[in-house]
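Novice: Sequence:
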Amino acid sequence: MKANSVPAMAEKSITQWPWLLAALIAHTGWGAYPVLARYLQTVSGLPSMSLLAVTNGTALLLLLLLLRNRLDFSFFRLRILWLFALVVVCRSITNVLAARFTLAVYVQLITLMTPFIVALFGATLFQEKTPPYTIPAIVLSLIGALLMMSNRLSQAGVAIGLTLTDLLGIALALLSATFLALYMLLVRHTVRHRVPGEAIFMMQLVTIVAVTTALSLLFREDWHRWQMLGRNDWIAFASFSLLIFFGANITQIHALQRLGASLVSSILAWRLVVALLLGAWILNERLTSARQLFGAALVLITITWYLWQQRNAASAALPPA
Numbered sequence: 146m147k148a149n150s151v152p153a154m155a156e157k158s159i160t161q162w163p164w165l166l167a168a169l170i171a172h173t174g175w176g177a178y179p180v181l182a183r184y185l186q187t188v189s190g191l192p193s194m195s196l197l198a199v200t201n202g203t204a205l206l207l208l209l210l211l212l213r214n215r216l217d218f219s220f221f222r223l224r225i226l227w228l229f230a231l232v233v234v235c236r237s238i239t240n241v242l243a244a245r246f247t248l249a250v251y252v253q254l255i256t257l258m259t260p261f262i263v264a265l266f267g268a269t270l271f272q273e274k275t276p277p278y279t280i281p282a283i284v285l286s287l288i289g290a291l292l293m294m295s296n297r298l299s300q301a302g303v304a305i306g307l308t309l310t311d312l313l314g315i316a317l318a319l320l321s322a323t324f325l326a327l328y329m330l331l332v333r334h335t336v337r338h339r340v341p342g343e344a345i346f347m348m349q350l351v352t353i354v355a356v357t358t359a360l361s362l363l364f365r366e367d368w369h370r371w372q373m374l375g376r377n378d379w380i381a382f383a384s385f386s387l388l389i390f391f392g393a394n395i396t397q398i399h400a401l402q403r404l405g406a407s408l409v410s411s412i413l414a415w416r417l418v419v420a421l422l423l424g425a426w427i428l429n430e431r432l433t434s435a436r437q438l439f440g441a442a443l444v445l446i447t448i449t450w451y452l453w454q455q456r457n458a459a460s461a462a463l464p465p466a
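Sequential numbering of the sequence shown, starting at 146, is according to our numbering.
Any given hint could turn out to be false.
[Said to hold, decoys possible] Simulated DEER-style distance windows between Cβ atoms:
#1 L209 with V188: 26 to 32 Å
#2 H369 with Q272: 50 to 56 Å
#3 E273 with H369: 46 to 52 Å
Quick caveat, the hints were computed from the structure, so don't treat them as lab data.
Ideal Cβ placement from N, Cα and C applies to all residues, glycine included.
From just these sequences and the hints, can you work out the full model?
Specialist: In structure tokens, the structure reads:
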């Protein structure tokens, strides 16, 4: 090892800390997403499509103000951007509906399974090599998920404490995670286009606003509900639109550009911790047994270990500096 390599590594570590903090802030925002989405739909009573339309419209206005002199609209002629936008619209709609029908922590739990879906899709659709330990990690995560969703253990095995509404919400969350996995694979295989993150973000916002507004009008949602919101409702909406849809998105984009996807995703499990804490505080939705807490710990440890294994494998594959 060269004499100056240790100081160089230490300097690199120091310069990464602000972006690691940014990644943690972004994950915190996305961990809060299903909690606030569920609150705004089930407590505030906002219709789902109008919620998406107004939230994304607010984020779009802020983005236009920030980038009005720097955005290159030529990128919007790329077909791949429109494909991204279509996948993101499907992801957004299924994600917000999932939070309407089942517990926020269940929605976040399913979202954490996205790396496994990416690995399986990559192997089947793009003939990629499946990352090591994928199958054992899937099995352990599923066991943890079953324990989190169980109310009791019977002699016949685990008795799932879910209603039909919960099952609908979980099915929507699985569909949403599938769309997210497809989006991540599309990004990975189209880096040659070198589209700025802000351009992708704006295309997503424009498409979501257009589609959800049309669906809201089609379903004849009651927009008068917005006039009945109280102070807590507006605080929740401001947090949802400004801190999550805008803040977490922008922060995540820049963290990914500085650190890379493997390092940013290695702390993905933090989202479940945030969902557990905020769900208990805001919605009074909490795990009630030691078995459920053990299941949550098993999921957190398994996914964190799995993602760190992938990060180490990616780092080992890089040529020496």
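Novice: Enumerate the violated hints, using their earlier numbering and listing them in ascending order.
Specialist: As far as the earlier hints go, not one is violated by this structure.
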